[in-house]
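A.B. asks: Top line first, the protein sequences correspond to chains B and R. Under UniProt numbering, think of the first position of the first sequence as 1, with each following residue one higher. Under UniProt numbering, think of the first position of the second sequence as 1, with each following residue one higher.
Calculated from the structure, these hints are not laboratory results. Warning: the hint list may mix true and false statements.
As the list claims (entries may be wrong) - In silico DMTMM-like links for lysine to aspartate or glutamate, alpha-carbon gap of 25 angstroms or less:
1. LYS128(B) / GLU224(B)
2. LYS221(R) / ASP228(B)
3. LYS221(R) / GLU118(B)
4. LYS229(B) / GLU217(B)
5. LYS54(R) / GLU118(B)
6. LYS47(B) / GLU121(R)
7. LYS47(B) / GLU118(B)
8. LYS144(R) / GLU48(R)
9. LYS229(B) / ASP97(B)
10. LYS54(R) / GLU121(R)
11. LYS144(R) / GLU213(R)
12. LYS138(R) / ASP49(R)
To be verified - Anything over 10 angstroms on all C-beta distances counts as not near chain B; from chain R, calculated:
13. PRO68
14. ILE146
15. ILE163
Unchecked claim - Pair by pair, the computed Cβ-Cβ distance ranges are:
16. LEU98(B) / PHE60(R): 39 to 45 angstroms
17. SER13(B) / SER62(R): 46 to 52 angstroms
18. ALA190(R) / SER180(B): 48 to 54 angstroms
Just so we're clear, the structure is a prediction, and the values are computed from it rather than from any experiment. Every residue, glycine too, gets a C-beta built ideally from N, C-alpha and C.
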Amino acid sequence: MNFDIGFIFQVVSQIVRYVPVTIYMAFVSLIIGGALGLAVALVRYYKVPILSQLFSTLITMLKGVPLILVFLVVFLIASQNFNHLAKAMGWQIRYGDLPMSALAIIGLSLMAMVGLSEAFRGAFESVKQVQFDAARSLGMTKMQTIRRVLIPQTLPVALPMIINMLINLIKGTAIASLVSVVEIFSAATQAASSNYKYFEAYIAAAMIYWLMTIVIERGAVLLESRMDKSLRRS
Amino acid sequence: MNNLFQPQLIWQYLPDILSALPVTLLLTIVSTLIGVIVGAGIAFVRMEDTPFFKQVAIVFTSFIRGTPILIQMFLVYYGLPFLLNYIGVNTDNVNPLIYLFITYGLNMAAFLSEIIRAALESVPATQREAALTSGYTKRQMYMKIIFPQAMVIAIPSFATMVISLLQDTSLAFTIGVLDVVGKAKALGTATFHTVEAYISAMIIFIILSFILERVFHWLEKRSNYSSRQMPIAATNPVMPVIEHPKTS
């Protein structure tokens with residue numbers, strides 16, 4: 001069997017149309033996971049009783065679970081129970097009609113929540129205690145302090161970790177293909193299944209992922225330098 | 001209907017799934033060792049500015065960091081026999097574990113090389129100069145001055161990497177290796193209680209990660225204590241922990 005460079009390009013042109021699916025799954029998970037992560041981090045930062053301990057245990061546990069197991073369990077539970085649930089609720093929709101990417105987003109969001117809640121918690125520490133005293137002396141409520149003092153200063157600090165998480169989510173979408181989500185990786189497998197040129201197909205898929213990561217990393221560098229500038233101006 | 005969720009099965013399955021634990025641990029340990037050795041090589045090549053090898057190292061690291069480990073695994077699994085057959089080596093009887101060692105080992109190497117480099121560079125250059133002017137050879141300088149301090153600095157990031165490697169090994173079942181997840185899958189397929197089996201596997205991973213985290217935490221504390229007694233090391237600016245939480 002000879003190495004077929006032409007086939008690599010052929011596969012690239014076939015699977016490149018799944019790039020939007022991957023980016024969509026990664027971005028939606030980043031937003032959902034980011035919102036949940038921020039909430040968890042705030043609860044733990046302000047040491048809200050009961051909830052704080054609960055989240056801390058939850059995060060410690062989720063940190064230890066590999067993404068593939070989360071996917072497998074989410075998909076199995078959905079496939080076994082969704083039809084019963086839909087029937088009980090009187091919905092017209094069946095498991096077969098569910099978009100598989102939506103189920104993958106559940107798993108990816110959990111992963112993003114775990115990573116980002118730790119990132120935010122670390123970034124909160126960069127805000128000095130005197131600022132809270134200052135905010136209180138100005139008569140700001142707790143919510144105002146969070147919105148106007150804590151979060152604006154946290155985001156630039158957490159940005160590198162948010163970008164890192166985005167890249168991890170994009171890589172995580174490849175794992176989603178193991179649970180019947182059609183995206184870049186499974187499209188490459190599909191393309192090679194007729195002629196067994198798996199090596200070439202996976203090279204094509206690797207190139208696409210690599211390119212996406214490089215673009216995101218370059219974009220992040222630009223974004224960070226702009227943020228630095230705007231921070232220095234203020 | 002016998003496939004209702006039965007929580008007590010989670011505990012019943014645990015011993016069976018634990019029997020596959022050595023495979024997961026073996027994968028983690030061997031890959032970490034390969035990663036440390038190759039990673040140190042990459043870090044060295046990049047720090048010493050070796051021409052050509054430095055460029056290769058940069059591209060390699062970027063590739064590993066930019067692609068999912070699942071793809072890397074399949075590239076090695078399909079690519080290595082392809083290349084070996086090309087030069088006439090028969091790969092029919094190769095244990096799939098070998099491919100996994102190579103994949104996870106190289107993956108670790110790329111990530112660890114960054115950690116090692118950052119840790120080595122965090123030892124102030126003045127100390128190198130001081131060591132060389134006091135008549136240390138380069139080898140002595142590394143062994144006695146740089147490494148002891150860099151190792152302490154690298155522990156937290158190293159711990160993050162080992163724990164994420166442990167989780168990455170959960171993908172080994174995709175090429176037919178019976179690790180913890182593979183065993184859970186096999187057990188679940190046989191009994192139709194797959195969810196319970198996977199939850200069992202989850203518990204094992206949670207406990208393993210927790211133990212690893214505690215061990216590294218203890219190591220970190222211990223090494224901080226010993227470095228506090230060395231006045232030179234204690235005055236070093238402490239490098240911020242570089243987190244590379246990666247999934248796959």
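A.B. asks: So does LEU98(B) sit 39 to 45 angstroms from PHE60(R), Cβ to Cβ?
C.D. replies: Holds: the Cβ-Cβ distance is about 40 angstroms, inside 39 to 45 angstroms.
A.B. asks: Holds or violated: LYS144(R) with GLU213(R), Cα cutoff 25 angstroms?
C.D. replies: Violated, because 28 angstroms separates the two Cα atoms, which is more than 25 angstroms.
A.B. asks: Is PRO68(R) truly not at the interface, in the sense that its beta carbon sits beyond 10 angstroms from all beta carbons of chain B?
C.D. replies: 4 angstroms, violated
A.B. asks: Holds or violated: are the alpha carbons of LYS229(B) and ASP97(B) at most 25 angstroms from each other?
C.D. replies: Violated - the C-alpha atoms of ASP97(B) and LYS229(B) are around 48 angstroms apart, more than 25 angstroms.
A.B. asks: With a cut-off of 25 angstroms on the C-alpha distance, tell me whether LYS54(R) and GLU118(B) pass.
C.D. replies: 34 angstroms, violated
A.B. asks: Are LYS229(B) and GLU217(B) close enough, with their CA atoms no more than 25 angstroms apart?
C.D. replies: 19 angstroms, holds
A.B. asks: Below or equal to 25 angstroms on CA atoms is what counts here, so check LYS221(R) against GLU118(B).
C.D. replies: At roughly 21 angstroms apart (the allowed maximum being 25 angstroms), GLU118(B) and LYS221(R) satisfy the hint.
A.B. asks: Holds or violated: LYS54(R) and GLU121(R), Cα atoms, limit 25 angstroms.
C.D. replies: Given that 25 angstroms is the threshold and the Cα spacing comes to 16 angstroms, the pair holds.
A.B. asks: May I ask you to check that ILE146(R) keeps its beta-carbon over 10 angstroms from the closest beta-carbon of chain B?
C.D. replies: 27 angstroms, holds
A.B. asks: Within 46 to 52 angstroms: is that where the Cβ-Cβ distance between SER13(B) and SER62(R) falls?
C.D. replies: 24 angstroms, violated
A.B. asks: Are LYS47(B) and GLU118(B) close enough, with their CA atoms no more than 25 angstroms apart?
C.D. replies: Given pair LYS47(B), GLU118(B) holds - Cα atoms ~15 angstroms apart, limit 25 angstroms.
A.B. asks: Regarding ALA190(R) and SER180(B), is the given constraint of 48 to 54 angstroms on their beta-carbon distance met?
C.D. replies: Violated: the Cβ-Cβ distance is about 21 angstroms, outside 48 to 54 angstroms.
Comparing the model with each numbered hint stated earlier shows that hints 2, 5, 6, 9, 11, 13, 15, 17, 18 do not hold.
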